[in-house]
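Each protein sequence line maps, in turn, to chains C and G.
Residues in the first sequence are numbered from 1 upward in steps of one, following this note's numbering.
Residues in the second sequence are numbered from 448 upward in steps of one, following this note's numbering.
Note that these hints are calculated values from the structure, not bench results.
Since the structure is predicted, the reported quantities are computational estimates derived from the model, not experimental observations.
Beta carbons are placed, not taken as given, at the ideal position from N, Cα and C, and that holds for glycine.
Among the clues, some could well be false.
Chain C regions said to be covered by chain G (calculated; three or more residues, Cβ under 8 Å) [as the list claims (entries may be wrong)]:
| # | stretch |
| --- | --- |
| 1 | 69 to 76 |
| 2 | 110 to 117 |
| 3 | 371 to 382 |
| 4 | 397 to 405 |
| 5 | 416 to 428 |
Computed far set for chain G versus chain C, every beta-carbon distance over 10 Å [as the list claims (entries may be wrong)]:
| # | residue |
| --- | --- |
| 6 | Phe-459 |
| 7 | Ser-607 |
| 8 | Pro-794 |
| 9 | Arg-800 |
| 10 | Ser-858 |
| 11 | Leu-936 |
Among the chain G residues that face chain C by a calculated CB cut under 10 Å, a handful are [as the list claims (entries may be wrong)]:
| # | residue |
| --- | --- |
| 12 | Leu-491 |
| 13 | Leu-621 |
| 14 | Leu-625 |
| 15 | Asp-638 |
| 16 | Asp-650 |
| 17 | Arg-696 |
| 18 | Tyr-788 |
| 19 | Gly-793 |
| 20 | Arg-837 |
| 21 | Leu-839 |
| 22 | Tyr-866 |
| 23 | Pro-933 |
| 24 | Leu-935 |
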Amino acid sequence: MRRAVGVLLLAFLPVAAGAQTYDQLRIIAPAAPGGGWDQTARVMQQVVQQTGLARTVSVENIPGAAGLIGLARFIGAERGNGDAVMVNGLIMLGAIVTQQSEVTFANVTPIARLTGEYEVLTVPANSPFRTLGDFTRAFRARPEAISWGGGSAGGSDQILAGLIADALGVAPRRVNYIAFSGGGESLSAILGGQVSVGINGLAEFAPQIEAGTVRALAISSGERLPGLDIPTLREQGVDVEFENWRSVVGPPGLSAADRERMDAAVASLVASPEWQAALVKFRWIDRYLAGPEFLRFVASEERRVQNILTQFGGDEEDASLNASAAYPAVILGGLALFGVLSYVGRLRGEKRSQRAADPPTADSPTTTHWRPVVLIAAGILLNLLLAETGGFIIASVALFWCVARAFDPRHPVRDALFAVAVSVSAFLLFGRVLDLQLPAGVLAGLI
Amino acid sequence: MFEILAALRDGFAGALTLPHLGWALVGVTLGTAVGVLPGIGPALTVAVLLPVTFNLEPTSAFIMFAGIYYGAMYGGSTTSILLNTPGETGSIATAIDGHMMAKNGRGAAALTTAAVGSFVAGTLSAILLTFFAPMLASVALRFGPAEYFALTILAFTAVSALLGTSLTRGLFSLFMGLALGLIGIDPLTGDARFSFGIPQLLDGIDVVILVIGLFAVGETLYQAWSYGRQQFEMVTLHDFTGMNREEWRRSWKPWLRGTAIGFPLGVLPAGGTVIPTFLSYLTEKRLSDHPEEFGKGAIEGVAGPEAANNAAAAGVLVPLLTLGLPSSATAAVMLAAFQQYGLQPGPLLFSTRPDLVWTLIASLYIGNVMLLILNLPLAGVWARVMLVPRPLLFGGILVLASLGAYTLNRSMLDLFLLYLVGAVGCAMRVKAFPLVPAVLGLILGPLSEQHFRRAMAISEGDPSVFFTRPLSAVLLLVAALTLFGPMLLRRTSNVNTN
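Please build the complete structure, drawing on both the sequences and the hints.
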């Protein structure tokens, strides 16, 4: 057991090897654990550590709004920081367009495209569609009757569905696209034959294609992939080439030296055998592209995504418009109705039995009654004000002490000691052991 | 059958070595420890600990994962019971009666029934997984959007068990949750809804914020509010010995029923762990001889949901191992872990790497035993948390709550929302509105809306799909019976006596 813990502790320590470009490198994944960006960030972390490019590497997840929250935070908090990079890619472009985001790719320092993942068009093994031709005939005849299962709305899968429809001369807004949350859900919908056709990343579907549980009609690459017997869209007469690419960017306002160091580090990361081995494991395709070519690539992708996604939003079908407006109306109506009913019921003194559960209000509230509430409110206010400016520890000490005082007029010193102990140990636990950074604030240098 | 047993024996042979057992213990301990912290669910736990396993051989790593996974699921229930602060959504149902038990001085018993229930459910589920995984997975695929919608409707009937004393106040609470669920990106069109131009609201309000806010912060504020107005009932602990004979008798059936509900729903690719826990709670209340105890510390209300959430957690592994389907965030992280070792979970995994699959399955059994050994003696120790002086306890709860809320998305807005929800929760408590329907509304509302609209889009707007698909029709019928059955029964028995 002792040995086990020893090994465990060792595992947290960096592996020292060769010259280190970075002392502490932070990789930001603007997504929750488990997704493509998170995986990319964690593989980068592993490779950077193995190759000794940095002394310590940490991954921070900042999930939300298809990466827009992470993007906004990265631009705001890391400006000029040469030790932080962020993973992003095509899907973020889609989110920028659909959410009309104020922060865009133009606000960061583009470093390089890293990987690409092609998409496959699949049908369940027992589907009547044997070839892409069968499918396109049915789709052209009655577009709405074909349901396309894929990932979240505005993501790479829907973009490709739109591109395919466009190439076939069908308006993208007529694509009956069913958005599922996550690859697992859409994969099960296709395996179970719930949708007519699935459109997803190759990596997630390759095992199913190999096992024969789904049939791949087409792949979105320009050429057939070696060792994979799937015809391309283009060779079957659908003029679309598409990949879900992922890239790495730096914060805005980098010095020329920081910029050069980042470019060089990413170049040597990509060239390392460890990275190449990881690509094979995750079925990613090496699409390293840096410098001005990468900038031009992003610009052209931006135009393409913008064009397709605006066609989706065009004039929506009446049915879907009604469905998305009716539900909120019903809910808000119900809320108002039961709010009024509860209020009226209370006025009528409904449910005398409730009295027992209600705290006795016989003695009128005096100032002493409000003391605890006011103290807690003060603690909460201090906590909110201090959390990011003063740092987590100071904010927590203030909160703990005020709350404790609310329930305890007698032991201010004991409460203060506990407040400091709890706050410091929580901070250390999260920051050091779990690698989840909390704002250090003014104590940054000390802890 | 014999091949399975032989394969399982090889799996145990691979897993049952001293270093492996050591890793199992490390995994269970870490998982429980991190699972206790609110806001850090099993997915983040596994992701954070993933780098630790880079230097391990696959067998050790998987054994540790199994430990972390089960440990994190279990750890969440400890805070639910003792502090009324569910660590993750799967243990919300546990908090309802678990915390009341703790307040009544039966915290050790609640923790024990949770630990033993988790063990029973985890082990039974591992057995089901061992023998029936491929078959179960193919049945689960028959569930489409129409069936999932019907399932959410069935789950909504659980509200009837949570209403409290007034129908209108209960429904107001439910609709409040449903209304909060409207906030965020409309999942089918990608358009923003009720987000008021605040980007952080695009993903909606996190259930964890609502739960910690209503329960932990709301409870603290409510205690402060009533501090000057009424006498405290001091918590006295009767004993630290865990369950008495009566409590064992009342627990074992809920464990089994919880497993029976949790496992199949966990196998469903979009089943999750919340729906089974509330269905289990509803079942126990309906079957109980003393339904009036529910909400005041009925042990069945802890035993059932705790078994259900562990069984569901094990069920999630079925589609992961047999089909390569990551059906929860944790499963997605575990999938990434498989890939680290060059393994591709999928239909072929069982035939390409049987050694690893069976070692993993064997380690599920081992992890469960470890968890029980670790937690049974600790139940009495944990229960003493209730003896911590009130000022320090509430101070600690609020600091932990703020920590959990902030680390979710590293967002100040979440922290602000937490306190806002806390104030609302306190007000609701003062005015005797039940809190749990709001949580259920926030969880189930968006789910049922999504599944409904997916089903309607696939059927091109024809609502008959919900009744013509047999599974969906059956689920809707069960929902109707659950809701109106008791009423009809009463009516007929009245007629008979007249």
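Structure-based check of all given hints:
1. Three residues within the 8 Å Cβ limit are the bar, and the stretch 69 to 76 of chain C against chain G gives 3, so the coverage statement holds.
2. Three residues within the 8 Å Cβ limit are the bar, and the stretch 110 to 117 of chain C against chain G gives 0, so the coverage statement is violated.
3. Interface restraint, the stretch 371 to 382 of chain C with chain G: holds (7 residues with C-beta to C-beta distance below 8 Å; minimum three).
4. Three residues within the 8 Å Cβ limit are the bar, and the stretch 397 to 405 of chain C against chain G gives 6, so the coverage statement holds.
5. Counting residues of the stretch 416 to 428 of chain C whose beta carbon lies closer than 8 Å to any beta carbon of chain G gives 5, which reaches the threshold of three, so the coverage claim holds.
6. Non-interface status of G/Phe-459 relative to chain C is upheld: no Cβ of that chain comes within 10 Å, the nearest being about 20 Å off.
7. With a cut of 10 Å on Cβ distances, G/Ser-607 stays outside the contact zone with chain C, its closest approach being about 15 Å.
8. At roughly 4 Å from the closest C-beta of chain C, the C-beta of G/Pro-794 falls inside 10 Å, breaking its exclusion from the interface.
9. Consistency note on G/Arg-800: stated as away from chain C, and its beta-carbon is indeed over 10 Å from all of that chain's, at 12 Å minimum.
10. Non-interface status of G/Ser-858 relative to chain C is broken: a Cβ of that chain comes within 10 Å, the nearest being about 7 Å off.
11. The beta carbon of G/Leu-936 is kept farther than 10 Å from every beta carbon of chain C, the shortest such distance being approximately 24 Å.
12. The closest approach between the C-beta of G/Leu-491 and any C-beta of chain C is roughly 6 Å, which is under the 10 Å cut-off, so the hint is satisfied.
13. The closest approach between the C-beta of G/Leu-621 and any C-beta of chain C is roughly 8 Å, which is under the 10 Å cut-off, so the hint is satisfied.
14. Because the beta carbon of G/Leu-625 sits about 5 Å from the nearest beta carbon in chain C, less than 10 Å, this interface hint is met.
15. The restraint placing G/Asp-638 at the interface with chain C holds, with a minimum CB-CB distance near 8 Å, inside the 10 Å limit.
16. Proximity of G/Asp-650 to chain C holds as hinted, the smallest CB-CB distance being about 5 Å (cut-off 10 Å).
17. With a least beta-carbon distance of about 30 Å to chain C, the hint placing G/Arg-696 at the interface is violated under the 10 Å criterion.
18. The interface hint given for G/Tyr-788 holds, since its Cβ lies 8 Å from the closest Cβ of chain C, which is under the 10 Å cut-off.
19. Taking 10 Å as the C-beta contact cut-off toward chain C, the hint placing G/Gly-793 at the interface holds, the least distance being around 3 Å.
20. Because the beta carbon of G/Arg-837 sits about 5 Å from the nearest beta carbon in chain C, less than 10 Å, this interface hint is met.
21. Because the smallest distance between the Cβ of G/Leu-839 and any Cβ of chain C comes to about 5 Å, under 10 Å, the interface hint for this residue holds.
22. Here the hint on G/Tyr-866 is kept, as its CB sits about 5 Å from the closest CB of chain C, short of 10 Å.
23. Here the hint on G/Pro-933 is broken, as its CB sits about 20 Å from the closest CB of chain C, past 10 Å.
24. With a cut of 10 Å, the hint placing G/Leu-935 at the interface with chain C is violated, because the nearest CB-to-CB distance is about 25 Å.
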